[in-house]
Amino acid sequence: MTVTNWLPTYRLNQAKHIAPLATFRVAFGVMMLASIIRFWSNGWIAKQYIEPEFYFPYYGFEWIQTWGDPGMYILFAIMGIAAIGIALGAFYRISAVLFFLSFTYVELIDKTNYLNHYYFVSIIAFLLILVPANKAYSIDAWRRKKQNFYVPAWSIHIIILQLSLVYFFAGLAKLQPDWLLEALPLKIWLPSRADTPIIGSLLDYKVTAYFFSWFGAIYDLTIPFFLLWKRTRVFAYLTVIAFHFMTAALFQIGMFPYIMVVSTLIFFSEEFHKTLWSKLFPQKKQDLSISDGFVTPVALKYFFIVYFGLQVLLPFRFLLYPGNLFWTEQGYRFSWRVMLMEKVGYTQFSVNIPEKNKSFEVFPHQYLTPVQEKMMNTQPDMVLQFAHFLRDKYQREYNAEAEVFVESYASINGKGSRPFINPEVNLAVIKRGYQHKNWVLPYNK
Amino acid sequence: MFITIFTACDNNSGSEKVDFDREAFLINMADNVIQPSIESFASNAEGLSGATNSFNTNLSIESLNVLRTEFKEVWLSYQHLAFVHVGPVSSVNLRDRVNIFPTNTDLIEENINSQNYVLGSAANVAAKGFPALDYLLFGTGSTEEEVLAYFGDPNLGENRLQYLTDLVEDIQSTSNLMTEGWPDYRSTFVGNTGTDVGSGTSLLVNEYNFQFDIRIKNAKIGFPSGGNPRTGGVVSPQNVEAYFSAWSGELAEEAVKSSIAVFKGQHYNSSEDGLGLDDYLDAFDARDRNDELLSRSIINQSTAALEEMEKIESPYSEVATTEGSQLVNVYNALQAVIPLIKVDMTSALSVSITFQDNDGD
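Sequence order for the protein chains is A and B.
Numbering-wise (the working numbering), the first sequence opens with residue 1 and increments by one.
Numbering-wise (the working numbering), the second sequence opens with residue 1 and increments by one.
Simulated from the structure, these hints should not be mistaken for lab results.
Simulated pairs of lysine-lysine, DSSO-like, Cα-Cα distance not exceeding 27 Å:
(1) B:K264 to B:K72
(2) A:K437 to A:K393
(3) B:K264 to A:K415
(4) A:K415 to B:K17
(5) A:K431 to A:K356
(6) B:K311 to B:K72
Chain B with its partners taken away, still in its complex shape (with noise of 0.2 Å):
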């Protein structure tokens, strides 16, 4: 029985089989594209650090000034740790510790009047991180003059620079944290080549669809730009990434292109193309609905995005009250991306979302 089933089905086929060393890609992810990207947020995080001592020990434009651009350095290289959200990245909880926006002014205002509050708490993830930064750097005043006169107030002057060291250890703390935990966590990462909750490949996959839909899509274009036709178009400019130092639109733009490197498993630091999500796709040939590889159309998809964002050049807080439309053409380019990544990648690749029996149904 067994062998008339075999040859019954054993077309010139036989010897095909998805070919793909999937060791080779964890090792690839975690060497050449996580590590790196925890590495260059920490020496960013140190170069904030710095700065902001600096800072605090002299108030001057020069020092604010650099003070902004080490600000500026550690935020876009978030952009691409976001995408690989696995390990000491996931447990120290990156995002919502470095980046809720909008951030709340009444709170912060508050927190430095009461000197009363604890960074680490639920009720405070809106008043730190980067988006905090972002307001204190750039939100105190219209002019460096006006931020320095903030700092230097002789009543609160003391509580906000101490506010805003407050702000930089908790990203400092953060960061060392993902630092010291990597080591272990990588040796777990490329030793488990299933598709299991847990497994490498399952959460790289699921944060990346994660961080695409939700805090890039939604959050950084959709939500700002009432993008989504079903929202009727209400536009929330204020809830832009960055209002204050109006980087909205270059932080995005490192966000998509942080997306197609990572899902290239391009590497961190010589832009080397390493084993990606798009081999791993490759190899088992999936293709989209139209017959196209799907790796070809996830980064074609994606760099239409990219296109229509470099069309805008003013901030995305302007455009969203002004020229409402361009970012709707962002958001229309990123959600045509989000069945390819959330369906068609999370299919090709089996990822499993929990231990849970299934009995495929």
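Chain A on its own, in the form it takes in the complex (with noise of 0.2 Å):
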């Protein structure tokens, strides 16, 4: 079968040198093996996927349960066998199917674990599925004795746009008042870490966070464009590691900021992917013949065409919901909203079995962690999983129907505690959904 040669085709199809996407492969290999290697070793795999009593799955995906103990440390095992494989080209395809399963297992299990990060490292997974970036500078290179030192273009650049998409939609998203003109929440968080050393005195200044935000915004909005273009790329690269590594000073974001920092390495030019390679592996005569284009399989094109519409569309499916944003929650994950609020709230439950004429008071700390509980104070659809798991608990126990009431403030951005679920509202009767959350109380000025 012949694709047309429309331009855009046509350059996606190119040949082009595999250096760029085997510097991906590795650098993304070993930052999630050392990701892995420090999840383990801060004992989070017991603490975030063994320990806890209750989970909080995603809606549809109630069957992806913890595999408990031992059953996590092997799927946390094979994960971290899967990054040496994808790091090393080794069984590459099967690597990184697995790397991308048992990752995107590990984050259904329990969305009070959510961070934008995660379902980076998720679709990125996914996408090196996809990709021949084995072909060559890889251990399955070397088993077949065959180097392919050419790949699609394509298959570098699907990277590149994701990548792109990520900062420009984590950009997109500070355009609103609360970011620009009163630069929240870092005003709030950044004076919270004045014991940071050198630059901490600084941080208790407001025109700080101003700052910050401002360039914080115009960095994500900016920074694919200064990094495509030849002569913007290296100050670009100066300034992606400046911010990731202040991000990484001061917040506790973990290993993003350098999965990011090596990630877009791949916006360098081919000749200097090359360059890099020829050190660590000096080719006698390097490159074999070069084909003059790929044959990309329609489906996979069009395959293409849905997943970055949905990249696009994601994003945006805030607008198909009445109500504040971020009060609701209604389609604000999985679209790159980074850092963007400081929310804080309180839920008190109270089950009641009306049959039996009993009450309760239910505190969550007794059935969830620290963290679960404070992502479930603030995001309604986890209240509302935890309040289904007590109206099941209470009817199991007393054979009879449960009521679940909750009494619930929450706060944006430090602008004070206001109700945040309706009391009124038995929650035991309302259905889990993508459906609009009427029982949540609009945000009140």
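Starting from the two chains in their separate frames, assemble the complex, guided by the hints.
What follows is the structure, encoded as structure tokens:
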């Protein structure tokens, strides 16, 4: 089957040197391995996936459950081995598939642990399954005694596009009054970091929060373009390093800054990466025959159109819901809204069993970890899930219908706590799902 | 690029900053609030030990009354210490070790009979501490003579005195551990001016909130009175603190007074107003929903709760059965403080509860 030689198609199917992709593969694999080791040694496998009594699965993914002890350790070990496989390019497709599945599985166990960074890792792992990043500089190539230095251009471009979308949408999300006009939430967060070495004393100044807010927004919106443009690339990359190291010093965001710093290397030219690799593996006579183009299966082409279409649309799905996005969080996740708000909540649950004339006040901390409780307190879908957990538990225990009510408060960006979820609504009878949550009280000024 | 951004947002407030000496705050909390609170508890615990010894050697109405008085003193000073549940206070697990109520009188009697008990075991948390003393010194007889007879019993009297002594020794050793542990912890406490997990500020705020919400609002008021309207008003007067001595009101009032004092960073011994959480919040210009200073709202609302408490004359166990609504008023007034401290204050100071990664969403 031939693909029409429409110019973009032609460009995307052009042969490009594998070096940038190979660098990305190694960097990603190594960072993932490091993340897994860090996660493991911090004791977080047990803390987040074994110890909790209750988890918050995603809607439709309730079948995804913890594997317990030692199952979760085995799962993380598989993930680690797969990350090594990706880095070395050994049994690459299987490694990439295993990594994607194991990582995504773990993330789907509990919403509490949702981070944009983890979502980013999942989708990059997914894209890596689809690209032939192991054709050269890899164990697979060595095993097959065949290096092939050329890959279709799209296999590099899709990664670049995905990275660019992450930045751009993160920037777009910052274009709102709290962030730009009031420097919120940075105005709250930065002074709390005033014990940071060297720059700490600056963090108490309001102007610092404004500077960081504006710089962050402009950085996110423009950095992909400055990285793409050859003349600004080096300067842009230095900015990437500075920006991400700064965020690493100031916030508890784990490995993400370092992952971004190495990932964005893929913006650099073929020549740059070839030099990098030739230092590691001096080639006698580089490059076999250059094929002038690849033929991409039509299905894959349409798949990418749909995939990136979704990537662009998902961050806008909040428009389908009435109300304040930050308050209801309908359409908040999977949209690159990073470090965007300071939200704190408080929820008190009570369970009534009218038939038995009994009432109970339930403290979430008896069932949830502090982090689970903190996350639930600000996210209505999680409050509902926990309410259903209580409903089921009490109905089993008393063999009668249970009602669940909450008294809850939340505040956004330090603007004062206000009632959050309607205390008159029996959450036991509310259905989960994507429909508008009219049981969340409107955000009143 | 940098310069344009800088000037673009540099309105006249450029030099405005959060002007707060975090170290001075921690030092004030350490030296003028926490340490004297530990010391006061310790000296009261000594008093309790001494009075127990005298009571042991000479069972009399007089020695019983001295013992009761000393007991009350230490229980009152606990109310303050429980609000600064950090460092050694937290590592001895003060709240659970000395003040789990309602106490389990059956278990106490069983322990006394069998003489086979380890007070430190988890099984005995509801058979020791102040609530257990409350039972032994007040609940074993309706008059002083009856209580004396309980301890003077020819068969079990000795076991009972032994149990009493063991309870007091447990409190004494808890107190010793806190006193010994404090100097080391102090430097850790004042040395970390951040708000990460484990920092003095984070611990203070989280423990303050826990004590206020769970141990005062719920345990002292909500449970016995059925205060939460959602509990359907099911009352359980036997669940009040100090059920037998009927000191519930005094202890609860002391607790709320302590909460205000700790919040203000008030010196324990002189009531002088030092750098406290209120000043910290003011430095951030933290405001509540109605744009009032958050520190003022917290103090005003806590004071309102205290005033509701002061209206109550009788022991809470009686009020809970006969005049439920009065305690419900207290409950509601305390509940109004909760969002202010657990949401607004936590948010304004951005205290962490975890080391886990977080991208602020």
